[in-house]
Every structure is written in C-alpha cells, then in structure tokens.
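Here the protein sequences come in this chain order: C and R. Taken in order, the first sequence gives residues 1 to 116; the numbers are from this note's numbering. Taken in order, the second sequence gives residues 1001 to 1156; the numbers are from this note's numbering.
Check each hint, because a few of them may be wrong.
Chain C is nowhere near these chain R residues, computed Cβ spacing over 10 Å in every case [stated by the list, open to error]:
id	residue
1	Met1007
2	Tyr1058
3	Gly1063
4	Asn1066
5	Leu1104
6	Val1123
7	Val1126
The calculated label-pair distances, taken between Cβ atoms and stated as ranges, are [stated by the list, open to error]:
id	chain 1	residue 1	chain 2	residue 2	range
8	R	Glu1059	C	Glu106	41 to 49 Å
9	R	Lys1101	C	Leu72	41 to 49 Å
10	R	Phe1020	C	Gln8	41 to 49 Å
11	R	Ile1002	C	Lys27	24 to 32 Å
12	C	Glu106	R	Asn1089	42 to 50 Å
13	R	Leu1097	C	Pro99	36 to 44 Å
Calculated from the structure, these hints are not laboratory results. Even glycine gets a Cβ: it sits at the ideal position worked out from N, Cα and C.
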Amino acid sequence: MEVRYYNQERLLLFKVTEEIDECKVKKIRRRADYEIERFMPKRVVFDFNSVSFMDSAGIGMVIGRYKQTTMLGGKFELTNLTDSVRKIFEMSGVLKLIPEVNLEEEFSGTQKEEVI
Amino acid sequence: MINENEMKLEFLSKSNNEAFARITVAAFVASLDPTIEEISDIKTAVSEAVTNAIVHGYEDKLGLINLRCKIQDRKILIEISDNGKGIENIEMAKQPLYTSKPNLERSGMGFTIMESFMDELKVESVLGLGTKVTMSKVIKETQKNDEVTLEEALRG
C-alpha cells in the first residue's frame, strides 16, 4: 500500500496495491489506522485502482476505517473502484454509506502525476 | 464428446493459502475460456469458503482443508471441506450480515457472496466433524473473434 499526504488539503491517500483478503487485510488495517491517527486528516481516500482481487474482507476493512476517520472528525471516501471491487461494495451496501469521488478531476493540474 | 477434468488439493489452514487456493482454481478453470468477470466471481467464492474454513472451522488452529474441482462440459464444480468444529445453524450462518465473530470487522457476507457469485451453493456441516461447501457455475460460451479484437485494438 502506498500512502500519500497532501498537506494543503489535509488529505490522506491510501493506494492499495495488494490483493485484499483476510490474510492481507490485517496489515492494511494496521498501517491505515496508524497513519490516520498520525495525520488527523480532514479527508481520507482509499484508491482501488491497483487492487486485482478483493473478497468480503474488504467490506469490514473499509467500514472500519470509515468509522475511525469520521470519529476523528474527517471525511472518508473511495476512488477508482474496479468492476469486481464495485460489485462487492454494491452488494454489501457500502456505497450507500461511503461516497465515491474522482480525485484526478478534482485536482487536475495541481496533483503530482507520474510521467511514463 | 463431453469435456471432463478433475483435480484435488490438500493444504494447511494458513491464511496465505487463501490466495493459493483461489489462484489454483482460476488456473484450472482457464481451459473453459471464462470471462474476467466469471474468473473473478469464482476466485471470490473460493476465497470466502477457504477463509471460512480457516477462521471459523479451525479457528486459526492448524488443520487440513480439502479442495476438489471438477469440470463437466461447461460446468465447474468446487468442493471445499474441513474437519473443523462445524456450523451449529447453517441457515443462520447464511443470512447476510450474520457473523459469529463481529469483533474483528467481519462483514458476515461470505455465504451471500458465494450464493450470488455462483449458480448453486450447498452447505453441509456436522458439529465437531467439519463442514463441506459445494458450489457450481456454468461458464458461458463466448463468441471469440481474435481478428476483430486485434483490429479494434490497433484502431483504438
């Protein structure tokens, strides 16, 4: 998982790069909670662009971080949902609770992009 | 001639075997030319069943998990069994959002996902002896025309 913090926006961005299952979720959870408590961000965004697999472990993980972020006064959002990830979040009602955003659009021009 | 194939796998109830099991099944099914969505559905269902065996069947103690796969024509049958503690009330366990371990952020969606991602799901369990999950899915015949795809790819 890659973590980025945008100071000006107080935005904490988690780019998940591993497969999300019961085995991997413990590590993601520990890291995310640590960073959220460290930065106390106004916004936390989970990016699923590089997630090649997710099972129901992802539901609990996302709801848990949503609770933690909102408890500390921040907003929690999801971005770049792949088809398979969306299917699981839709089925479990996660998307009724947690908003989906498009950061590329929001920060066009201001965000540091990697150039190939 | 009917297309038939079969495989059997036995592995320890370690959580890094969740990925091993689903990737192996995905590779086994590949001969049926499934779509990305079909493969993803099957991998997810296998992951849920294996996770259940590890977390609930053996409760993180070590035991053996058996996985059997059969291909019959365009149907894939998957059987995942453990010799763990068994499920007291299968109907309750299958309810969406029901979990016997709510403390660890478990969503209780495992059986619901298996049920909706596969065509059929059967759960058998005997307390103290173990649980067997059987599921199946028909892989649809898809029209494949490589030339058009290549052309489209070049144009795009």
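Results for each hint:
1. Met1007: holds (21 Å)
2. Tyr1058: Correct as stated: the minimum Cβ-Cβ distance to chain C is 13 Å, above 10 Å.
3. Gly1063: holds (16 Å)
4. Asn1066: holds (19 Å)
5. Leu1104: violated (8 Å)
6. Val1123: Answer for Val1123 of chain R: holds, closest chain C Cβ roughly 16 Å.
7. Val1126: holds (24 Å)
8. R:Glu1059 <-> C:Glu106: 41 to 49 Å: Holds, since Glu1059 of chain R and Glu106 of chain C (Cβ atoms, about 45 Å apart) stay within the stated range.
9. R:Lys1101 <-> C:Leu72: 41 to 49 Å: violated (26 Å)
10. R:Phe1020 <-> C:Gln8: 41 to 49 Å: holds (44 Å)
11. R:Ile1002 <-> C:Lys27: 24 to 32 Å: violated (45 Å)
12. C:Glu106 <-> R:Asn1089: 42 to 50 Å: Distance hint for Glu106 of chain C, Asn1089 of chain R holds at roughly 47 Å.
13. R:Leu1097 <-> C:Pro99: 36 to 44 Å: violated (21 Å)
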